[in-house]
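Enquirer: Each chain, letter by letter, is given below.
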Amino acid sequence: MNLSDVVKEFGLEVKTGSGHLDNEVTGGYVSDLLSDVLAHAEDGVLWVTLHIHQNIVAVASHKGLSGIVLVQGRQPEKDTMAKAEEEGIPIMVTGLSAFELVGRLYKAGIRGAEAH
Amino acid sequence: MALRRIKADLHVHTCLSPCSGLDMSPREVVNAALGKGLDLIGVCDHNSAENVLAVKKAGERNGLMVLGGMEVASSEEAHILVFFDDDDDLLRFQEYIYRNLEGRNDERSFGLQVIADDEDGVTGFCDRMLIAATKLPAEAIVQAARSSKGGSLVVAAHVDRESFSIIGQLGFIPPSLALDGVEVSAKMSAAELRERFPECRNYPVITGSDAHGPEDIGRRFTWFTVEDGTVVEIKKALAGRDNRKAEC
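Taken in order, these protein sequences are the chains called A and B.
Residues 62 to 177 (this note's numbering) make up the first sequence, in order.
Residues 1237 to 1484 (this note's numbering) make up the second sequence, in order.
Since the hints were derived computationally from the structure, they do not count as laboratory data.
The beta carbon of each residue, even a glycine, is placed where N, CA and C say it ideally should be.
Treat each hint with caution, since some may be false.
As the list claims (entries may be wrong) - Quick partial rundown of chain B residues pointing at chain A, CB under 10 Å, derived from the structure:
hint, residue
1, G1360
2, D1363
3, I1367
To be verified - BS3-like, lysine-lysine: derived pairs with alpha carbons at most 30 Å apart:
hint, chain 1, residue 1, chain 2, residue 2
4, B, K1272, A, K139
5, B, K1423, A, K139
6, A, K76, B, K1423
7, B, K1423, B, K1371
8, B, K1243, B, K1293
9, B, K1293, B, K1385
10, A, K124, B, K1371
11, B, K1423, B, K1385
12, B, K1243, B, K1371
13, B, K1371, B, K1292
Please put together the full structure from these sequences, using the hints given.
Expert: This is the structure we're talking about:
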């Protein structure tokens, strides 16, 4: 499944990186601690978070994540948007809570790592 | 020594912070601060103090007082400003932070971490991942600062912000945390902070620029009525002791 499938399936609003929606989604990761994502997220996963600070872009870029979904309708900060466009990192927004979105992603076949 | 009123911005980064540019070199920082009429700055790069001595030296040459410190990220990702009068205390504290900070910097994603001398010569690059959080809970960071030989000044950074602030990350300020004060960001006034976060009424409030570029230095500042720009004096001002005062 690639990002554009996920965007269509779950009605996500694409805020940045619209030229990179062919990124393959290899799995999912949910966390609101950047250090945790730095330590544990794997290449290609879709990151679900409520974090809107621009550092999420640097973290996603460093880890090679396929994209970031902001939950509960949270809007990325202006600096975050600019940095994400510059780095080509797709940021999407859903009105759903993290729990609800992840449940639906899981049902659609997206998985997390089983153990670290 | 007589009391005087000094204009201070205690939250200034240098080119060592991955999110700051090369234009935040020691001389540029000092010149920009003097240009804004500041008497005192606090140098606090993320999880490192490797440019403090250079800025101190450049400041001394040009008549700017400089407090040496760092902005430490706790394991909960709360940012805490820690300053020392004694450079050896600061360097020992830095060693403790480094022992608890994992990872190597990725310059492409996070930016350069430039170590400079007081003449703006580049002397090296810090290869630790300074953008990362330490393994240390906020409590441990404060305790370590307090165990230094000389005095330490500990302030919770930008507590009004949602991310990287003690209130944003922990929900409220743990009452056991021995803070000298809290810092309000450039986003709101001290009065608004006390209004929106009533728990901050229990702490002295300062404000600082959190400057990552020269143009931001001094955009926010605190007036201290003190004898000198030292940790010992600033602590007295925050506690309102001996006619010292802090106003912002």
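Enquirer: So if I understand the rule, the pair passes when the alpha-carbon distance is 30 Å or less; does K1423/B with K1371/B pass?
Expert: Judged against 30 Å, a Cα distance of about 29 Å means the pair holds.
Enquirer: Is K1243/B close enough to K1293/B, meaning Cα to Cα at most 30 Å?
Expert: Roughly 20 Å between the alpha carbons, so the hint for K1243/B and K1293/B holds.
Enquirer: Checking hints one by one. Is G1360/B an interface residue toward chain A, by the C-beta closer than 10 Å rule?
Expert: violated (22 Å)
Enquirer: Going straight from one Cα to the other, do K1243/B and K1371/B come out at no more than 30 Å?
Expert: violated (35 Å)
Enquirer: Given the hint that K1272/B pairs with K139/A, test it: the Cα-Cα distance must not exceed 30 Å.
Expert: Measuring from Cα to Cα gives roughly 27 Å; hence the hint holds.
Enquirer: Run the distance test for K76/A versus K1423/B: straight-line Cα separation, threshold 30 Å.
Expert: Given pair K76/A, K1423/B holds - Cα atoms ~24 Å apart, limit 30 Å.
Enquirer: Given the hint that K1371/B pairs with K1292/B, does the C-alpha gap stay at or below 30 Å?
Expert: holds (29 Å)
Enquirer: Quick one, are K124/A and K1371/B close enough, alpha carbons at most 30 Å?
Expert: Distance ~20 Å between K124/A and K1371/B Cα, so the pair holds.
Enquirer: Holds or violated: is there a CB of chain A closer than 10 Å to the CB of D1363/B?
Expert: violated (14 Å)
Enquirer: Take a quick look at whether K1293/B and K1385/B sit within 30 Å of each other, Cα to Cα.
Expert: Status holds; Cα separation ~23 Å.
Enquirer: Answer holds if the nearest beta-carbon of chain A is closer than 10 Å to that of I1367/B; otherwise answer violated.
Expert: Because about 7 Å separates I1367/B from the closest Cβ in chain A, which is inside the 10 Å limit, the hint holds.
Enquirer: Take the C-alpha atoms of K1423/B and K1385/B, compute the straight-line distance between them, and say whether it is at most 30 Å.
Expert: It is violated: about 35 Å lies between the C-alpha atoms, which goes past 30 Å.
Figure legend: structure checked against the earlier numbered hints; hints not met, in rising order: 1, 2, 11, 12.
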